[in-house]
Each structure stands twice: as C-alpha cells, then as structure tokens.
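Undergrad: Chain by chain, the residues:
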Amino acid sequence: MTKRAREILDFYRSENAGVLSNLARMINHGRLAGTGHFVILPVDQGFEHGPARSFAPNPPAYDPRYHFALACDAGCNAYAAPLGFLEAGAAEFAGEIPLILKLNNHDLLYDEKDPAPAVTGSVKDALRSGCAAVGFTIYPGSAASKVMYEQLREIAEEAKAHGLAVVVWSYPRGSGLSKEGETALDVVAYAAQIAAQLGANVIKVKLPSAHLEQAEAKKAYEANKVTLEPLSARVSHVVQSAFDGRRIVIFSGGPKVSDDRLLDEVRAIKAGGGFGSIIGRNSFQRPRAEALKLLGTIMDIYAGASAR
Amino acid sequence: MTKRAREILDFYRSENAGVLSNLARMINHGRLAGTGHFVILPVDQGFEHGPARSFAPNPPAYDPRYHFALACDAGCNAYAAPLGFLEAGAAEFAGEIPLILKLNNHDLLYDEKDPAPAVTGSVKDALRSGCAAVGFTIYPGSAASKVMYEQLREIAEEAKAHGLAVVVWSYPRGSGLSKEGETALDVVAYAAQIAAQLGANVIKVKLPSAHLEQAEAKKAYEANKVTLEPLSARVSHVVQSAFDGRRIVIFSGGPKVSDDRLLDEVRAIKAGGGFGSIIGRNSFQRPRAEALKLLGTIMDIYAGASAR
Amino acid sequence: MTKRAREILDFYRSENAGVLSNLARMINHGRLAGTGHFVILPVDQGFEHGPARSFAPNPPAYDPRYHFALACDAGCNAYAAPLGFLEAGAAEFAGEIPLILKLNNHDLLYDEKDPAPAVTGSVKDALRSGCAAVGFTIYPGSAASKVMYEQLREIAEEAKAHGLAVVVWSYPRGSGLSKEGETALDVVAYAAQIAAQLGANVIKVKLPSAHLEQAEAKKAYEANKVTLEPLSARVSHVVQSAFDGRRIVIFSGGPKVSDDRLLDEVRAIKAGGGFGSIIGRNSFQRPRAEALKLLGTIMDIYAGASAR
Amino acid sequence: MTKRAREILDFYRSENAGVLSNLARMINHGRLAGTGHFVILPVDQGFEHGPARSFAPNPPAYDPRYHFALACDAGCNAYAAPLGFLEAGAAEFAGEIPLILKLNNHDLLYDEKDPAPAVTGSVKDALRSGCAAVGFTIYPGSAASKVMYEQLREIAEEAKAHGLAVVVWSYPRGSGLSKEGETALDVVAYAAQIAAQLGANVIKVKLPSAHLEQAEAKKAYEANKVTLEPLSARVSHVVQSAFDGRRIVIFSGGPKVSDDRLLDEVRAIKAGGGFGSIIGRNSFQRPRAEALKLLGTIMDIYAGASAR
Amino acid sequence: MTKRAREILDFYRSENAGVLSNLARMINHGRLAGTGHFVILPVDQGFEHGPARSFAPNPPAYDPRYHFALACDAGCNAYAAPLGFLEAGAAEFAGEIPLILKLNNHDLLYDEKDPAPAVTGSVKDALRSGCAAVGFTIYPGSAASKVMYEQLREIAEEAKAHGLAVVVWSYPRGSGLSKEGETALDVVAYAAQIAAQLGANVIKVKLPSAHLEQAEAKKAYEANKVTLEPLSARVSHVVQSAFDGRRIVIFSGGPKVSDDRLLDEVRAIKAGGGFGSIIGRNSFQRPRAEALKLLGTIMDIYAGASAR
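Residue numbers (my numbering), protein chains in the order written: chain A, 2 to 309; chain B, 2 to 309; chain C, 2 to 309; chain D, 2 to 309; chain E, 2 to 309.
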C-alpha cells in the first residue's frame with residue numbers, strides 16, 4: 002500500500018473496513034494502482050442514449066464483453082455499467098477488474114424537463130455480481146432532486162452496511178438551471194458538495210466552465226476572488242468544494258472530442274488536483290487499438306511526476 | 002442438446018441453473034426444438050383489446066383451452082397468457098408445453114396517453130402454475146416508463162431467484178413518441194437495449210420500420226451508415242442492439258395481415274438473424290386448421306437451412 | 002351432486018379443494034340447489050346509496066337481520082353484504098346460508114368522476130365470519146382501474162389460498178366511458194373478460210344494452226356479425242366472453258323496475274345461458290311477503306325445464 | 002401425453018398445475034417416457050456411506066459430472082443427489098434431465114441407533130437449481146421419526162406451493178425395529194402408507210422380504226390371507242398400501258448384487274405393478290459401458306409388453 | 002488471470018459472479034498468486050486453545066495486528082480469524098490481504114465429548130469487515146454434527162447470495178470416532194466429501210494417516226486397492242474424494258512440528274495434488290523473522306516446477 006493510497010483511505014475513517022477494502026480495490030488496481038489517480042470506464046450509454054448513438058461508431062462495442070476486456074486491457078481502475086450490461090460479463094471476467102453497478106438509469110425515449118432515473122438494480126445485485134461499489138446518479142437542479150437524494154441516502158446506507166463503496170454521478174440539470182448553468186463552476190462545485198454531503202465516497206462531476214449561474218453565488222465568487230481561469234483552477238475549486246480534497250472527485254469527459262482537447266483536459270485535472278477521469282464515449286467509440294493507445298496516454302499523464 | 006442450443010444457453014452464464022433449465026425447456030420444445038428458433042403463441046388480447054375484437058372472428062377461441070391445444074398441436078415453443086386464461090388450462094395441459102405467465106396487463110376501457118399496465122399476477126402464481134417463465138410489458142416512451150422499469154427489476158430479481166426465466170415485451174408508446182415513432186428503427190432498437198439492460202432473458206419487440214424518430218439518433222444512423230433496408234437489415238440491427246445477438250430477440254406480428262406479408266416478414270426475421278416470431282392474432286383469429294397450416298409454414302421457414 | 006353441479010365445478014380445475022367446496026356450497030344451497038342457477042341477495046346499498054334511499058321504502062330493512070332472514074326464507078343461494086351489515090347477523094344466522102363478504106365499498110358523499118371503492122374488509126374477516134366467498138368490485142373504465150385490479154389480484158390470491166371463492170362485481174364506469182357506454186354490450190362483455198382474467202370464480206355484470214361504445218369494437222361486432230338482439234343473445238355473448246361459459250356469470254338488476262320487466266329479463270338471462278340473477282333493490286324495497294313471492298317466481302323460471 | 006401418463010397425473014388431482022407439470026417432466030423423460038415406468042439414478046452415497054465405499058470401485062464416479070452424464074446417456078427419468086453434488090453439474094447439464102434435490106442426508110461418521118438425517122438443502126436451492134422435485138428421507142421406526150415427519154410436512158407444503166413435486170425415501174430403521182424388520186413386508190407397506198399420508202407424490206421403498214415383523218400385523222396378514230410369495234405379490238401389496246396404486250411407488254436396489262438377481266427383481270417389480278426402480282450402486286459402481294448396458298436391459302424389461 | 006486460475010474458477014460454475022470474484026481474490030493474491038496453490042494464515046487458537054498456549058511462545062502475537070502484518074509480509078493468499086481478532090485489524094489493514102471471518106468457534110473451558118462450536122459471527126459481519134469469505138467448522142463424528150451441518154447450510158446460502166465464498170474446516174471428532182480415527186484416511190476423505198456436499202468452496206482437512214477407522218470402509222479400501230502410502234498418495238485420495246479434485250482442498254498442519262517434517266508434508270501435499278497449506282501455530286509461535294523464512298520456503302515449494 003503506497004503512502005498516497007493510505008492517505009486517501011484515511012479520508013474515510015468513519016467507513017467500515019468493508020468499504021475501505023473496496024475503495025482500496027479500486028485505488029490499487031490497474032496501471033494507476035497506488036498513485037491515487039483513477040481512470041474509470043463507464044458504459045451506461047446504451048441505456049442513457051440508445052444503442053446506435055453509443056455503439057454504431059464502433060460496432061464490436063455492442064457486445065457487453067467488449068467493454069470488460071477494454072477496461073482490463075487498458076488497465077483501468079474500475080468498470081461501471083447498469084445491471085444487464087454488467088451481468089453479461091461479470092461471471093466470465095470475475096476477479097479481473099473492480100466493478101461498479103450503476104443502480105439507476107435514465108433513457109431518452111421519454112425525455113422530461115425534470116428527469117429522475119429509474120432504479121434498475123439493487124445492493125444485493127451488486128453483491129452477488131462481485132462489485133466493489135454501487136453507482137447512483139443525482140440531478141441537482143431537477144424538481145425531482147429530492148426523490149433522488151432520498152433514494153441515494155437509503156441505498157448508501159444499505160450499500161455501506163454490506164461493505165460496498167458508493168460512487169455518485171452528480172450531474173446538475175432540470176428546470177432550476179439554464180443549459181449553460183449545468184456546467185457552471187458554481188453549480189458543479191455545489192453538485193460535488195451535495196454528493197459529499199449525501200455520503201458519496203467517490204464523486205463524478207462534469208468539467209466546469211467559467212460561467213457562474215446563480216446570482217448570489219456569483220457575488221460570493223467575485224467578493225472572494227475565486228479564480229476562474231485556467232481550467233486547472235476550476236478543477237481545484239471543485240475538489241476543494243468536496244470536503245477540501247478529502248473525497249475522491251473524478252471528472253467526466255462527456256461527448257467525443259478531439260484527442261488534443263481531451264488530453265489538455267486531463268492535464269488540467271491533474272494540475273488542479275483532480276483524482277482522475279471517467280472516460281466513456283471517448284474510449285469505446287473508436288477502434289480498440291486507438292482506444293488503448295489513448296487511455297495509455299491519459300494514464301501516462303496521471304502517472305507522471307507531479308507536485309502531488 | 003444441439004450445438005446451437007448450448008451456444009444460446011452460454012449467452013446467459015450469469016443466470017442460475019434454474020433459469021438456464023427453463024430457457025432450455027423453451028429452446029428444446031416443439032417443432033423448432035434445438036434449432037435456436039422460436040414460435041410462441043401469446044394470447045393476452047382478451048384483456049388488452051377485449052373479447053369480441055379478439056375472439057369473434059373464430060368463436061372457439063373464446064375458450065381458454067382452445068389456445069393451449071393450438072399451441073401444443075402446432076408445436077410452438079411456448080404459450081403465454083395472463084393469469085385467468087392460463088389457470089383455465091394449466092392443470093389440464095400440465096406438462097404439455099412451456100408456459101409463460103404474463104404478469105402485467107392493460108385494457109382499453111380506460112385509455113391513457115401514457116399508459117402503464119396493471120400487475121395482475123405474481124412470481125408465485127407462475128411457480129404454482131408450472132410456468133417456465135414470467136412475462137412483463139414495458140412501454141418505453143411513456144411518462145410512466147420509470148414505474149414499469151422498477152416493477153420489472155423487482156419481478157426479475159424474484160423470478161430468477163426462483164429459477165424462472167424473464168420474458169419482456171418492450172413496446173414503445175406514450176407521449177414521448179409519435180405514432181410512427183413507436184415502430185421506428187431507432188426506437189425499437191432502443192427498446193430492445195432497455196429490456197436487455199433490465200435483465201430480460203427473452204425480448205419481444207415489434208418489427209421496425211425504416212423511420213428514424215429521434216433527431217440525435219438519426220444523426221448517428223446517418224453518420225455511421227446503419228443500413229435501413231431491407232427489413233432483414235433492420236432485424237439485424239435490432240438483434241445487434243440487444244447485446245450483439247447475445248439475447249433471444251423475438252418479433253411480434255401485430256394485427257392480422259395477409260399471409261404473404263406475414264411469411265415475407267418471417268423470412269426477413271430469419272435472414273436478419275432474429276430468433277423467431279410471436280404469433281397471436283394471425284393464428285387464433287382464423288379457423289384452427291388454417292392456423293395450424295400457417296404456423297407449420299412459418300416453422301418450415303425457421304427450420305430451413307440457413308446461414309445460422 | 003347433480004351432473005350440472007359437477008360440470009360447473011369442473012370449470013375450476015385449477016382451484017384447490019377449499020375453493021371448490023365453497024363454490025359447491027353456493028351451487029347446492031337453496032331452492033335452486035344443483036340446478037346450476039343462482040339467485041343471490043346482495044345488500045350493499047346502505048353503503049353505496051345511503052340508508053334512506055335504500056331502506057325507507059320498506060323500513061324493516063333497516064335491520065341487517067331482515068336481509069339474512071329474507072335470503073334464507075326465499076331460498077337464495079347466497080347472501081352478500083359489507084362487513085358491518087354482515088357481522089350484524091353472521092353469528093345469529095350461522096350455518097343458515099352461504100355468505101359473501103363484500104371487501105370494498107364506495108359511498109356517494111364524495112363522488113368522483115373516476116371512482117375507486119375503499120377496501121372495507123379483509124380475507125380474515127370473511128374467514129372468521131364463516132363466509133363461502135369474498136366479493137370485490139372493480140370499475141373498468143375508471144382512471145383508477147389499475148389500482149382496483151391490483152388490489153383484486155392480491156385479495157384473490159390470499160382468499161383462494163385460504164379456500165374462499167372470489168366473486169367480482171365488474172361494473173364499468175369512469176372517464177373512459179360515456180354514461181350509455183357503461184352498459185354497452187361491448188363494454189359489459191369486456192368487463193366480464195377482465196374479471197375472469199383476474200381470477201374471478203363468479204362474475205357479476207349488469208345486463209347489457211344493444212349499444213356499442215368503442216369504435217374498434219364496433220367494427221369487430223359488425224364484421225363478425227355478433228347478434229345484438231334480443232336480450233338473450235346479448236346475455237349469450239357476455240357469457241361466452243367469460244371463458245366461453247366456463248365461469249359463473251350472474252346478472253344484476255339495477256334499480257327497482259316493474260315486475261314484468263324484471264321477469265322478462267330473468268327469462269332472457271335463462272334463455273341466453275346466464276347463470277342467474279343478483280336481486281337487491283327489487284326484493285328488499287318491497288314488503289317481505291311480496292318480495293318472497295317475486296323471488297319465488299324468479300326461481301321458478303330458473304328451475305323450469307330449459308335447453309340447458 | 003400417453004393415456005397412462007394422463008392416468009397417473011389424474012391420481013394427483015389435488016396438486017396444483019406446477020406439481021403436475023413437474024411430475025409430467027419425470028414421467029415423460031428418457032427411454033421410459035410415457036410408459037408410466039421409471040428408472041431413476043440417485044447418487045447420495047458419497048454423503049451416506051463415504052466416498053471410497055461409493056466410488057473406489059469405479060473411480061471416474063468421484064466426479065459429480067459423471068453421474069449427470071450417466072443418467073442422461075442411459076435415458077433415466079430423473080437424477081437425484083444432495084446439494085453439493087447436484088450444484089456441481091446443474092448449470093452444465095441444465096435442461097438435460099429432470100433433477101431431484103435430496104434435502105436431507107445422513108453420514109456414518111456418527112452412527113446412531115435412532116438416526117435422523119441433517120437438512121442439507123432448501124426448497125429455494127431446488128428452485129434455483131432447476132429441479133423438478135425435492136427428495137426427503139424419513140426413517141419410520143426411529144425414535145426421531147416424528148422430527149422427520151414434521152420436517153417433511155413443512156418442506157412438502159413449501160415445495161408444492163412453489164410447484165415442485167415431493168419424492169420421499171421411506172426407509173424403516175431405528176430402535177423400533179429388528180434388522181430383519183427393516184425390510185419386512187408389513188413394515189415396508191406401512192412405510193409406503195406413511196409417506197403417502199405425509200403428502201409424498203413419489204415414494205421410494207426397499208423391496209420387501211416375506212418376513213412379518215409386528216405381531217398384530219402378522220395376525221391381520223394371516224387372517225386376511227395376504228399373499229407373501231412370490232416377490233411380485235409383495236410388490237403388489239406395497240403398491241396397494243400406497244393408496245391402492247394411486248401414488249408412484251419405486252423400489253430401491255440396495256447394495257450391489259448379481260445382475261441376474263437384480264433383473265429378476267425388476268421383473269417382479271413390473272409384474273407386481275410397481276412403478277419402477279431406483280438404481281444407484283448397481284449402476285455407478287461398475288464401468289460406464291457395463292452400467293449403460295445394465296440400465297438398458299432394465300429399461301427393456303419395464304418397456305416390454307405387460308398386463309398393465 | 003493464469004490458465005490454472007481460470008481452470009479452478011471453472012470448477013465453480015454454479016456459483017454467482019460474486020463468489021467467483023472472491024475466490025479469484027484469494028487465488029490471485031500473495032506470492033502464490035495465479036499458481037493455484039495456497040498458503041493461508043489462520044489464527045483462531047486464542048479462542049480455541051487459550052491465549053497463553055497460543056501466544057506465550059512468541060509474545061508479540063498477543064496483538065491481533067501482528068498476524069495481519071505477518072500474513073501480508075509473508076505473501077499469504079488469505080488471513081482467517083474469529084470476529085474479535087479480525088475486527089482488531091480489519092480497518093487498519095483494509096485492502097492488504099483477503100480476509101476470512103471464522104463464523105463459529107469453540108473453547109476448551111468447557112470441553113465436551115461431542116462438541117459443537119458456538120456461532121460467533123455473521124455473514125453481515127463478514128461483509129462490513131471486507132472479507133472475501135466466511136469460514137465455518139464442522140465436526141463430523143460428533144453427536145452434534147447434524148446441528149453444525151444445518152447451521153453451515155444456512156450460512157452458506159446467505160453468504161453465497163451476498164457474493165462471499167465459503168471455507169469449511171472439516172475436522173472429524175466426537176464419540177463416533179476413536180482418537181486415531183480423527184485423522185484416519187477413510188475418515189478424512191469422508192470429511193472432505195461431506196464438506197463438499199454441504200457446498201464448501203474451499204475445504205480444510207488435516208493430513209491423513211494410513212489408519213483406516215471404519216470396518217466397512219476398510220473392506221472397500223482393500224477390495225479396490227486404494228493406495229495408503231506414501232503420504233502424497235493419501236493426499237491424492239482426499240483430493241479425489243472432494244469431487245475428483247474439483248474443490249480447493251487445503252491441509253492443515255496441526256501442532257508445531259519440526260521444520261523438516263513440515264516441509265516434507267508440504268512436498269507431499271504438492272506431490273499429491275493438494276491445493277495448499279493452512280499454517281497457524283507453525284508460523285506465529287516462532288519469532289517473526291523465522292516465520293517469514295519458513296513461510297517463504299513453503300511457498301517456494303508450492304511455486305516450484307511440478308507435474309501440475
């Protein structure tokens with residue numbers, strides 16, 4: 002166990018040995034094992050966006066086993082998916098990589114202004130599938146946010162009692178926010194704080210823009226001269242907003258972008274003290290060899306010498 | 002056990018021996034036993050459309066026992082019905098054909114824009130009736146879809162724990178979709194994916210048209226040159242969308258059509274790698290002798306030599 | 002046990018011996034014992050319409066014991082009432098007549114467009130009161146129909162597991178239907194089918210008019226030349242719609258009408274193969290002697306020589 | 002479904018369709034499918050007698066999968082084993098042969114005068130393993146018999162509620178009986194009756210000798226001139242003792258004997274109206290080819306033309 | 002994942018992905034990772050024999066954390082202890098080594114002829130402590146064996162449903178056996194079989210002597226020429242007795258012996274196809290440096306080139 006790994010586990014002193022052990026499984030797996038950095042492969046887009054939008058760019062990815070193999074071969078810290086996708090490979094790949102069962106999911110065939118995902122898996126499903134953690138999405142800003150917060154609290158309580166870690170996707174959206182506001186710095190920082198307050202062990206947020214959404218927040222940012230540029234400063238602010246860096250905060254990439262931009266973002270995440278990246282579409286929507294190469298480059302950046 | 006039967010069972014490695022055994026019962030029953038193709042007789046129309054619309058064209062079909070006998074004599078792989086209809090013959094026909102208890106049903110006396118069926122049977126009902134599987138309908142696209150997804154998840158967990166297979170009717174409808182969109186290729190493929198993600202062992206969808214409903218999906222279909230014609234290509238795409246062909250996907254016929262069109266559709270399903278047909282109204286709304294003849298012809302097509 | 006009684010019991014082969022035994026108690030009780038015909042006295046009007054509307058025309062009927070005695074003296078097959086009314090005589094009349102506890106009831110002090118009755122009794126109440134069956138009302142066509150269907154399913158499962166028969170009042174109403182539609186032939190037949198699908202052993206419906214409510218159904222009735230006249234043909238169609246005559250279907254009289262009309266209806270029910278009548282207001286809203294005379298005449302009709 | 006299969010199912014009219022369906026699976030499987038005769042392979046000797054005594058004569062039999070394959074290839078009606086042995090092949094052989102999970106087992110490392118087996122499996126284990134039935138052993142004559150009877154009653158209730166058939170090994174032993182008495186005709190007939198009274202669908206007993214154990218019984222046998230010879234007459238008496246032939250009674254072979262004696266016994270079972278044989282040690286304690294040949298000969302005898 | 006690791010996991014096809022994943026954690030941890038061999042450190046002697054008998058020879062071992070560190074530093078596959086001892090280090094060493102919570106334990110302050118351990122932990126304790134498996138002791142040969150078998154069955158069902166592996170200490174003792182009989186070859190082989198039948202994933206037994214305890218077994222060993230010498234042949238026989246080598250069987254060392262004898266035993270275990278050793282007193286009752294050296298030598302033997 003590296004010093005950094007031990008340091009991170011020490012953030013979670015109130016968690017039981019089971020949760021610590023499963024956090025350690027993710028910290029100490031793959032190419033970034035022990036560095037305190039994370040690259041996680043999530044594949045819930047089949048459910049969230051539909052199969053063709055997700056997999057048509059790289060048809061082998063229609064097969065759930067493709068993603069297990071990709072995550073293993075790339076040396077990711079963990080692989081996250083909804084129940085059906087996860088079960089389709091969990092036995093075959095048992096023991097190969099830490100798994101995160103995404104317990105709620107949302108589809109776009111009925112799109113709502115104030116969405117709330119359906120609960121599509123249980124803590125018991127995660128245990129019998131050999132997962133290290135459960136994943137849960139909340140939409141702060143949605144009129145339905147309270148429902149999600151309360152579901153999360155109950156699931157977190159049950160998951161932790163059974164030794165599972167809790168990973169929260171905290172993605173602001175809904176009628177409380179403008180479209181631009183969904184990635185505004187004040188909003189993303191606030192979303193990270195809410196996830197931490199709800200007991201998240203690992204928090205996933207989107208990379209924040211320099212926009213400030215809420216008037217009252219804007220005043221505070223300006224009065225206190227919170228730095229908005231460059232991106233690494235915003236990453237720092239979000240990490241600070243999650244209990245002063247004492248929660249694992251990971252940034253998601255969103256839609257497929259140019260490699261240069263993606264790598265710049267990774268450098269900014271690292272420079273800002275972010276814990277890592279969750280890379281879905283940018284990895285599985287290209288041919289496998291290219292994906293492995295890109296993920297390798299990303300991990301090189303995270304593994305490289307740095308202030309931390 | 003044929004090689005293809007074994008191959009199909011291997012898709013379901015995470016299921017317990019009970020679920021595998023009940024899948025095998027359906028795979029290995031009737032005229033298509035062991036071929037990996039399926040013709041299933043479902044009779045829920047009495048509940049879904051009312052008795053006269055369903056049975057007046059062929060009055061002997063008012064008697065629930067008529068359908069058991071038809072499914073047996075035609076050599077179908079399984080027979081599916083709601084609780085009342087199923088119980089009305091289950092003891093008399095015990096051991097004659099694998100049964101699927103449809104656990105939720107919807108009627109048209111109160112029609113909603115965003116419908117959700119009532120839960121009209123339980124896993125325990127299925128077990129005491131000797132069923133091989135439970136059936137459940139979801140309506141992706143309905144504002145009530147989340148309720149159905151969550152009911153399905155709980156029922157699937159209970160059914161599988163008791164060794165029953167799970168068959169999902171995934172029929173898009175509701176205020177999220179246009180009427181044409183209900184059978185649009187992108188929507189049907191998405192519906193198949195959702196059913197698979199929710200743990201369905203067998204997925205029933207409608208035959209897709211070449212229409213594309215959702216703007217974002219349309220872009221992906223065009224950018225990735227997903228083939229829209231002929232029908233067999235669309236069948237292929239739907240099967241691919243259900244975990245790359247690793248879930249049994251069966252296509253439903255819908256309202257009574259001309260025999261020629263129906264047989265052309267069956268040929269397209271087979272050519273596209275679909276697993277089979279669910280033939281309700283097209284079989285029981287004609288005299289028994291004609292129904293047996295038609296079902297025989299359909300099975301001949303599925304049993305014929307082919308690429309698969 | 003008469004041949005016809007045995008024949009009717011054979012419709013229910015999937016039921017346990019307890020349910021069969023309680024069905025047999027109703028079949029073989031009273032003046033119509035063994036004929037396969039039924040006249041049942043239901044008195045839920047005190048709850049459903051209020052006491053004065055129900056009992057002021059014949060004040061002795063305010064006393065719950067009045068109805069037990071009337072049903073016994075008239076030789077009815079069974080007596081049905083809500084919990085309070087039933088408990089008020091169950092001990093005193095124990096063993097005198099098969100009892101049906103109506104488990105849900107609706108009052109008019111708060112009237113809804115889409116009503117759902119309150120559940121006012123339990124299976125356990127029925128058992129400790131010595132009942133042969135539980136009764137349950139559903140309103141197909143109501144926006145709340147799903148709630149009632151799901152309640153019925155659970156109650157039917159529990160009742161049958163404890164050996165009680167299940168009697169369903171299937172009375173279409175609610176915002177899905179026009180007022181005329183509530184007794185339309187297609188709607189009543191559909192309501193009978195739904196009750197049978199939900200596991201009803203005995204089904205109560207209103208006598209159908211020749212009106213056809215739903216456009217799609219109307220097409221089917223016309224295309225298949227379903228006979229709409231006379232009333233006995235409509236009775237036949239409803240009985241056929243309840244599993245081809247393999248469920249006991251009983252017709253209710255509704256508001257007090259002239260004796261001639263009532264007796265004509267009884268003749269039509271018998272001619273059409275209906276199983277009997279449920280006669281409430283037409284019996285207890287007149288002096289006891291007249292009521293006994295009328296019920297006697299009705300039973301004479303049912304007991305008379307006939308095609309069946 | 003043959004006439005005889007239907008006739009046997011009709012013995013069990015009080016069972017639900019699930020139990021009937023699972024009985025039908027055993028009746029209609031293997032080389033004796035539909036004849037109403039049974040040859041079942043039970044392998045619980047590893048637990049009951051220890052591994053070397055059971056498998057050293059034919060070492061491939063140490064592998065649990067050996068027995069699945071033997072039962073399948075020989076065309077047995079079913080295969081029975083304790084949980085560990087059954088789970089070790091249930092997934093691999095799913096759908097190949099009806100399975101019976103033996104729910105209680107006894108070992109000889111602590112041998113008691115009045116033994117009672119340990120409960121080593123559950124109804125839920127049987128369901129998730131895809132079994133058609135549960136098996137349970139009772140020792141009438143043991144001081145602990147009451148415990149076993151009560152366990153059986155509870156297990157039978159739960160098993161049947163979930164659609165599983167109940168197979169009872171009724172093997173008299175314990176301080177209430179002499180060694181010779183364990184197979185005395187009066188005792189074996191009594192044991193068959195007790196199993197039937199406790200709700201057994203299928204009853205396994207040992208072949209009875211002409212000895213009569215109990216003084217009061219002896220008087221009755223003599224007074225009523227019950228025929229004691231030949232063996233087929235004793236078989237008839239035992240079958241009669243199980244509800245006059247209306248329960249499936251199967252005879253077990255016991256320790257390995259000469260083939261001639263075994264085949265004579267099979268002929269006597271058939272001649273006496275016994276339903277079949279349970280052949281354990283006589284099949285798996287010899288090389289596979291010889292076992293297949295012997296089982297083939299036994300099945301030939303049962304399949305041969307006969308009075309029944 | 003090595004070929005041998007995959008091969009071993011394939012023995013457990015009926016287990017869910019969670020159990021497979023936890024078995025893989027033990028297979029793939031420590032110096033013997035991936036070899037299919039195991040050295041496990043168990044420390045339950047404080048409970049079983051008292052603290053001074055256990056730890057006075059090496060006083061640092063009084064501290065529970067001593068044993069975690071020893072198991073980690075030696076590169077063991079897993080560490081096993083009762084609840085108190087395990088909780089005393091589980092958080093501090095979270096993620097360092099797979100843990101096995103011993104769920105029942107026995108002390109010597111009240112010693113019985115027919116002992117049964119007390120259940121001192123739960124499946125939930127194991128989950129919140131981050132364990133990979135639960136451990137359970139049975140004493141075949143004890144008059145109380147049935148109680149232990151039934152406790153084990155229930156615990157195994159619960160543990161596996163939650164994804165935990167099941168490790169069984171099968172140690173014959175009690176009034177059914179002579180002292181010499183406790184390690185007799187026939188008895189140890191029988192004990193291994195019983196553990197496998199009860200669903201054990203990993204089986205711990207004592208090294209067998211060439212003594213044969215039971216008369217009937219002795220006949221079978223002689224008749225079938227089961228080889229009794231050398232020790233490796235006896236190991237082979239025990240491994241064969243646990244489902245023909247398809248269960249992980251590990252041998253325990255018992256009391257402290259000379260290093261030469263211990264290493265010879267390890268060589269015999271390896272030569273006989275045993276899966277490994279459980280080394281308690283022989284490791285922690287000597288100074289830490291010596292213990293690490295000895296465990297290193299043992300692992301060298303298991304890791305060395307061999308037939309397997």
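Since the hints were made in silico from the structure, they are not lab data.
Owing to the predicted nature of the structure, the values given are computational and were not obtained by experimental measurement.
A hint or two may mislead.
Stated by the list, open to error - Below, simulated EDC-like cross-link-like pairs (lysine to aspartate or glutamate); rule was C-alpha separation at most 16 Å, straight line: (1) A:257 - B:159; (2) E:125 - A:158; (3) A:125 - B:155; (4) A:125 - E:158; (5) A:125 - E:115; (6) A:125 - B:158; (7) D:4 - B:301; (8) D:294 - D:74; (9) E:114 - D:158; (10) B:125 - D:159; (11) D:147 - D:115; (12) D:125 - E:260; (13) B:257 - B:291; (14) D:125 - E:159; (15) E:125 - A:159; (16) A:125 - A:155; (17) B:257 - C:217; (18) D:4 - B:155; (19) B:125 - D:158; (20) B:125 - C:155; (21) D:125 - B:158; (22) E:4 - A:93; (23) B:4 - D:301; (24) B:207 - C:155; (25) D:294 - D:261; (26) B:114 - A:112; (27) D:125 - B:159; (28) C:125 - C:155; (29) E:180 - E:115; (30) D:257 - E:217; (31) D:125 - E:108; (32) B:207 - B:265; (33) A:294 - A:261; (34) E:4 - A:97; (35) D:257 - D:291; (36) A:4 - E:97; (37) A:4 - E:158; (38) B:4 - D:97; (39) B:125 - C:217; (40) A:125 - B:159.
Undergrad: With reference to the structure, classify each hint as holding or not holding.
TA: Tested hints:
| no. | hint | in the structure |
| --- | --- | --- |
| 1 | A:257 - B:159 | violated, 39 Å |
| 2 | E:125 - A:158 | holds, 14 Å |
| 3 | A:125 - B:155 | holds, 12 Å |
| 4 | A:125 - E:158 | holds, 14 Å |
| 5 | A:125 - E:115 | violated, 38 Å |
| 6 | A:125 - B:158 | holds, 10 Å |
| 7 | D:4 - B:301 | violated, 30 Å |
| 8 | D:294 - D:74 | holds, 11 Å |
| 9 | E:114 - D:158 | violated, 37 Å |
| 10 | B:125 - D:159 | holds, 11 Å |
| 11 | D:147 - D:115 | holds, 11 Å |
| 12 | D:125 - E:260 | violated, 48 Å |
| 13 | B:257 - B:291 | holds, 13 Å |
| 14 | D:125 - E:159 | holds, 12 Å |
| 15 | E:125 - A:159 | holds, 11 Å |
| 16 | A:125 - A:155 | holds, 13 Å |
| 17 | B:257 - C:217 | holds, 14 Å |
| 18 | D:4 - B:155 | violated, 41 Å |
| 19 | B:125 - D:158 | holds, 14 Å |
| 20 | B:125 - C:155 | holds, 12 Å |
| 21 | D:125 - B:158 | holds, 14 Å |
| 22 | E:4 - A:93 | holds, 13 Å |
| 23 | B:4 - D:301 | violated, 30 Å |
| 24 | B:207 - C:155 | violated, 31 Å |
| 25 | D:294 - D:261 | holds, 13 Å |
| 26 | B:114 - A:112 | holds, 15 Å |
| 27 | D:125 - B:159 | holds, 11 Å |
| 28 | C:125 - C:155 | holds, 13 Å |
| 29 | E:180 - E:115 | holds, 13 Å |
| 30 | D:257 - E:217 | holds, 14 Å |
| 31 | D:125 - E:108 | violated, 34 Å |
| 32 | B:207 - B:265 | holds, 15 Å |
| 33 | A:294 - A:261 | holds, 13 Å |
| 34 | E:4 - A:97 | holds, 13 Å |
| 35 | D:257 - D:291 | holds, 13 Å |
| 36 | A:4 - E:97 | holds, 13 Å |
| 37 | A:4 - E:158 | violated, 39 Å |
| 38 | B:4 - D:97 | holds, 13 Å |
| 39 | B:125 - C:217 | violated, 35 Å |
| 40 | A:125 - B:159 | holds, 12 Å |
Hint compliance for this structure: hints 1, 5, 7, 9, 12, 18, 23, 24, 31, 37, 39 are broken, all remaining hints hold.
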